[in-house]
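J.: Required output: the full structure, derived from the provided sequences and hints.
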Amino acid sequence: MSNDLVKLSAKGVNLWFGNKQVLKNISVDFEPNKVTALIGPSGCGKSTLLRAFNRMHDLSPDARIEGKFMLENQDLYEKGLSVTQLRRRIGMVFQKANPFPKSIYENINYGLKINDIPKAERPGIIENALRESYIWEEVKDELEKPATRLSGGQQQRLCIARTVALRPEVILMDEPCSALDPLSTLKIEELIVKLKKDFTIVIVTHNMQQAQRVADKTVFMYLGEIIEEGQTKDMFANPKNELTANYVKGHFG
Amino acid sequence: MRKKLTPLLEWGTLLITTGLVCFFLVVILWDLVSKGASSLSWNFVSSLPTQGMTSGGILPAITGTVLLTMITALVAAPFGVSCAIYLNEYAADNWLTRLIRASIRNLAGVPSIIYGLFGLALFVQGLQMGTSLLSAGLTLGLLSLPYIIITTEEALRRIPASTREAALAVGATQFESIRDVVVPSAMPGMLTGLVLTLSRAAGETAPILFTGVAFYINNPSGYLNQEFMALPYHLYMLSTQHQAIEAVRPLAYGTALVLLIVVFLLNLTAFYIRYKYSKNE
Ligand SMILES: Nc1ncnc2c1ncn2[C@@H]1O[C@H](COP(=O)(O)OP(=O)(O)O)[C@@H](O)[C@H]1O
Ligand SMILES: [Mg+2]
Chain A
1 MSNDLVKLSA KGVNLWFGNK QVLKNISVDF EPNKVTALIG PSGCGKSTLL
51 RAFNRMHDLS PDARIEGKFM LENQDLYEKG LSVTQLRRRI GMVFQKANPF
101 PKSIYENINY GLKINDIPKA ERPGIIENAL RESYIWEEVK DELEKPATRL
151 SGGQQQRLCI ARTVALRPEV ILMDEPCSAL DPLSTLKIEE LIVKLKKDFT
201 IVIVTHNMQQ AQRVADKTVF MYLGEIIEEG QTKDMFANPK NELTANYVKG
251 HFG
Chain B
1 MRKKLTPLLE WGTLLITTGL VCFFLVVILW DLVSKGASSL SWNFVSSLPT
51 QGMTSGGILP AITGTVLLTM ITALVAAPFG VSCAIYLNEY AADNWLTRLI
101 RASIRNLAGV PSIIYGLFGL ALFVQGLQMG TSLLSAGLTL GLLSLPYIII
151 TTEEALRRIP ASTREAALAV GATQFESIRD VVVPSAMPGM LTGLVLTLSR
201 AAGETAPILF TGVAFYINNP SGYLNQEFMA LPYHLYMLST QHQAIEAVRP
251 LAYGTALVLL IVVFLLNLTA FYIRYKYSKN E
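Note that the protein sequences, when read in sequence, are chains A and B. Using the UniProt record's numbering, the letters of the first sequence map in sequence onto residues 1 to 253. Using the UniProt record's numbering, the letters of the second sequence map in sequence onto residues 1 to 281.
Honestly, the hints are just simulated from the structure, not real lab data. Note that this is a predicted model, so its numbers are computed, not measured. Check each hint, because a few of them may be wrong.
[Unchecked claim] Only pairs whose alpha carbons sit at most 30 Å apart, straight line, appear in this in silico BS3-like list of lysine-lysine:
| id | chain 1 | residue 1 | chain 2 | residue 2 |
| --- | --- | --- | --- | --- |
| 1 | A | K113 | A | K96 |
| 2 | A | K197 | A | K68 |
| 3 | A | K79 | A | K113 |
| 4 | A | K96 | A | K68 |
| 5 | A | K145 | A | K240 |
| 6 | A | K96 | A | K249 |
| 7 | A | K113 | B | K4 |
| 8 | B | K276 | A | K145 |
| 9 | A | K119 | A | K145 |
| 10 | A | K140 | B | K276 |
| 11 | A | K145 | A | K34 |
| 12 | A | K96 | A | K240 |
| 13 | A | K96 | B | K35 |
| 14 | A | K96 | A | K194 |
| 15 | A | K119 | B | K35 |
T.: Right, dumping it as structure tokens:
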């Protein structure tokens with residue numbers, strides 16, 4: 001497993017909510033410093049798969065998970081593993097921007113605080129994270145303003161800043177642009193492409209153009225299974241599976 | 001034709017019922033103010049009753065009600081909020097939790113006189129606290145508990161899962177996510193519920209009747225282990241039990257007005273807190 005070309009992986013994963021099987025025998029590898037897009041029709045299990053990696057299902061009592069999840073050599077579901085430590089290594093950006101009901105500054109500071117990052121280092125980290133997320137120029141004079149007053153696109157970039165501030169190794173993004181206008185979407189896409197220098201990124205998207213613009217690799221899911229995966233260019237140019245072909249051409253969604 | 005009439009009818013019905021409710025409210029307020037305003041004075045709210053309560057003020061009743069409400073809050077808020085957090089954030093969704101929740105809802109429907117009797121049995125006699133401010137405060141605390149649990153849980157339920165996940169995703173434990181993000185987000189709703197519950201408790205007579213309220217004391221109420229005067233009971237006494245009911249009628253209206261003002265101030269506090277929170281959001 002300690003392949004240099006695999007940062008994050010799932011092997012033989014099945015997942016049920018109650019009696020309903022949502023993921024079926026999923027095996028997938030994500031390469032370091034690449035952007036991988038998860039695409040597929042609504043309800044096919046993309047979010048469910050993504051959230052299994054940072055153990056967001058831990059709090060849903062009716063979720064049952066089988067299979068192996070690895071971050072490099074670390075089994076993510078190992079007994080005794082600290083989930084909070086793990087989530088620091090695997091950050092997440094959500095579909096709807098969900099800033100804390102705190103100031104812009106506190107939104108980033110909070111994660112640093114609970115992860116015991118020394119107080120003296122925090123202001124620098126916060127500024128850097130805001131710069132990396134291309135929102136610094138817009139907010140530097142009003143860091144004490146409540147984050148909820150920002151526009152949707154700014155909020156989402158703040159949520160990304162909050163995530164990168166913790167220097168995770170992997171960033172999971174669940175349709176981060178689905179609630180944004182085209183201009184904000186474009187900004188976030190640029191940001192994603194820049195961030196892959198430092199992070200491994202897995203992004204769920206509904207938007208075929210977006211997948212082609214940002215993703216090195218693409219994974220197509222259908223009804224809880226992975227149908228096809230490969231280099232984004234190949235997959236959109238020459239899909240091997242008929243389902244993939246129909247989906248990427250927009251025949252269903 | 002029908003399509004056009006129905007909305008008009010619906011609209012009209014709503015308008016009339018709303019108007020009716022407001023009308024009665026205004027009538028009651030007007031009645032109170034017109035009959036009670038004349039007895040309101042600085043002296044009325046700052047001095048002890050004199051001459052068998054036919055003159056003087058109602059200071060002990062005011063301090064009694066204020067202190068009583070504070071004890072109620074101190075008793076009910078921490079327990080109620082903790083219980084609601086447990087039920088909404090931690091408890092598994094199973095039959096036991098549902099049973100607990102149903103019991104709490106039923107408790108909220110128990111007549112307040114029953115709480116009074118329960119307080120008498122438990123605090124006054126059982127725990128030997130006697131008829132006192134503390135016994136009455138604890139009793140009112142019990143009465144308020146289910147309301148606080150219900151309103152707090154309602155406020156917590158309104159916080160979307162994505163808010164909790166935001167905290168978890170940056171490495172917060174479940175407890176940290178609740179303490180630092182969920183509860184602060186739910187605070188306006190929780191405080192509104194708390195204050196509304198307290199303003200209801202402040203106006204209760206039955207639960208304090210057997211547990212500590214007194215007809216008359218000659219000092220401003222303020223000792224935990226002693227009997228006290230309270231506005232709603234004072235009002236009740238003046239309007240039904242006093243030997244010179246007609247003579248003290250203006251005082252009764254004045255007392256009612258003061259009680260209303262106390263409750264209004266409580267509500268104003270809730271409004272102010274919510275305003276401050278919404279500004280920070
Ligand atoms: N917490 C849950 N409990 C029960 N069913 C769920 C839960 N989360 C998702 N599902 C179901 O799992 C399936 C996959 O959902 P999801 O992963 O959100 O799909 P996608 O992100 O691809 O649109 C859907 O049918 C959805 O209804
Ligand atoms: Mg989804």
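J.: Each hint: holds or not?
T.: Consistency of the hints with the structure:
| no. | hint | in the structure |
| --- | --- | --- |
| 1 | A:K113 - A:K96 | holds, 24 Å |
| 2 | A:K197 - A:K68 | holds, 27 Å |
| 3 | A:K79 - A:K113 | holds, 26 Å |
| 4 | A:K96 - A:K68 | holds, 28 Å |
| 5 | A:K145 - A:K240 | violated, 51 Å |
| 6 | A:K96 - A:K249 | holds, 26 Å |
| 7 | A:K113 - B:K4 | violated, 60 Å |
| 8 | B:K276 - A:K145 | holds, 14 Å |
| 9 | A:K119 - A:K145 | holds, 21 Å |
| 10 | A:K140 - B:K276 | holds, 24 Å |
| 11 | A:K145 - A:K34 | violated, 34 Å |
| 12 | A:K96 - A:K240 | violated, 33 Å |
| 13 | A:K96 - B:K35 | violated, 56 Å |
| 14 | A:K96 - A:K194 | holds, 22 Å |
| 15 | A:K119 - B:K35 | violated, 62 Å |
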